[in-house]
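**Student:** Sequences listed follow chains C and E, in order.
Numbering of the first sequence is given in the numbering used here, commencing with residue 31 and proceeding in unit increments.
Numbering of the second sequence is given in the numbering used here, commencing with residue 7 and proceeding in unit increments.
Check each hint, because a few of them may be wrong.
[To be verified] Here are some of the chain C residues that sit facing chain E, going by a computed Cβ distance under 10 angstroms:
| # | residue |
| --- | --- |
| 1 | 55 |
| 2 | 149 |
| 3 | 157 |
Since the hints were made in silico from the structure, they are not lab data.
Computed from a predicted model, the values in this text were never measured in an experiment.
Where a beta carbon is used, it is the ideal one built from N, C-alpha and C, also for glycine.
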Amino acid sequence: MSTVETMDRNEATLQLARAIAADTKLGALPWDDLVLVARFGDGVSNVNGFAYQAGGASRPAAPRGAAVLDAFIDLRAATAVDDQADWIACKLHVRRAGGKLSLDFEYEQPDRWKISPANVRQMSEALRPAG
Amino acid sequence: MAVNALSSSTIESAVPPHALSGFGLDTTELGDQIGALLAQDPEGGTASLRESLETLPEADRARLAQSLVDTLDEDAISALQATSEGRAALAGTLRSAADEGGGADPRAAANLSAEKRELLLDLTQIGLGVVGIFDPTPISDGASLAISVARGDWFGAVIDGVSMIPYAGDLAKIGKLGKFADTVDSAVDLARGDAAFAEALRPALGGLDEALKAVPIDELPAAVREPLESMRGRLDEFFDATADGSHALDGLRLETGAAGDNVFRWELNADGRPVHAEAELSEVFDKAPRSSAETRAQGDVADLGRSDDAGGHVFGHRFTLDQGERNMFPQNAQFNNSAYRVLENEWAAWADSGKRVDIEIDFRDFDGVRPQSLDVSYEVVDPANGDVVYDNYVRFENEAEQQFERVSTSDINENY
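Using the sequences and the hints given, assemble the complete structure.
**Tutor:** Listed below in structure tokens is the structure:
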């Protein structure tokens, strides 16, 4: 991978972190770990996830402003690979302690991390970060 | 069908602490620390201030700057003014404080397209640049320089850098006035029919208007006077509602409504079209009769859009009853009857299960009066304990053939 591609990817990741920090809703929630899932379908895209506190409490969480979804779109462009389809879902995990961020990309299973009203409780546990 | 070489992949990285410092950073305390450091160690305090202004998220930077403006004493300001580094840091502080105190509405700006956000930045920079021509201090150009460099506009930065020396660089800047006038032209043209953009523009254009009022335009040579007069004319056009009020650009009109326990709020542009809407839904009026006036309004709104548009309800009639055109937008008919209907069905199921749905909708990317996309943020609250039980942010294109996953009432009832 070229240096330019790496820089673009890193810049897009940092932009995403900044968008989360600046979001009026996500920025106001108490959390130690934040997990967001962005999914891209035909004409419809969405972001939602969970805010986790160290004591075990969690609540559903989604951004308020457009900047977070826009940043996922930019990240998708920055991680595009020639001759391959773009990823269709991304799971982001931010751990406040140490400022560690990880991103997982899914290229084939759009529902792998899908959070819907029908499964929100199960997904809250399934997506809960370890340790 | 091509098979992707990757089924999934992972990236891990450490985020610089400042990128996440928006979460609970005490900017007042940081401002106090920097102020104290400036008093004891001007060089160290200046470096700390510069670093904070360069690395903090925008919201924290503005709060820190406002805190510093409120607390810096004469000694600290003198320490900053003693060096070029300090003057630039002070300029950045003043610029950020202006953002905090009187900048563009962050929500309005956040919902703009990249092109419009760029225009907004251009206009802020132009206002600072015009002030710099007649400003006996280098402060305004220092702020403009900081914006140029941050945006990678090296040519602009060089020109503004020249005029950091009071008066000496003014002739260089005059070369930019034609470009300034073109930018103002573009912004005012785009603001027509897009009240959200007009609202976001207002603070930047207000700053430019104030700056131009201080310029003795009549005493200037034609090469300078003409672009400035052009800008003034377009600003007058922006700020003065037309005589018949047919296309005023003077911001948004707020309207509220209610139906049973449901409450609504719409922000309407000068054309009466919603650009933002909010609702709290806890009641569904199944099969409520629709008045002929409501049906006529739907037809009128449909006619504003494309041939395949309907007059779609912002919040479905089953939640709002008759609210007229303020609750309608030109909406692709198939989108209205499929993906958006499925979303409304989900809201109705939540309300039927005793929950309250808090919704915010931003209409985006207007083509005339027709939004090309919309962002829907909704949070489901259990009124019994205030807990949020579901939260989602969805972006739709105002087009056909979209899929929004259906969730049945029984799914919701079984889980909640």
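**Student:** None of the hints should be skipped; say for each whether it holds.
**Tutor:** Hints, verified against the model:
no.: 1; hint: 55; result: holds (8 angstroms)
no.: 2; hint: 149; result: holds (8 angstroms)
no.: 3; hint: 157; result: violated (13 angstroms)
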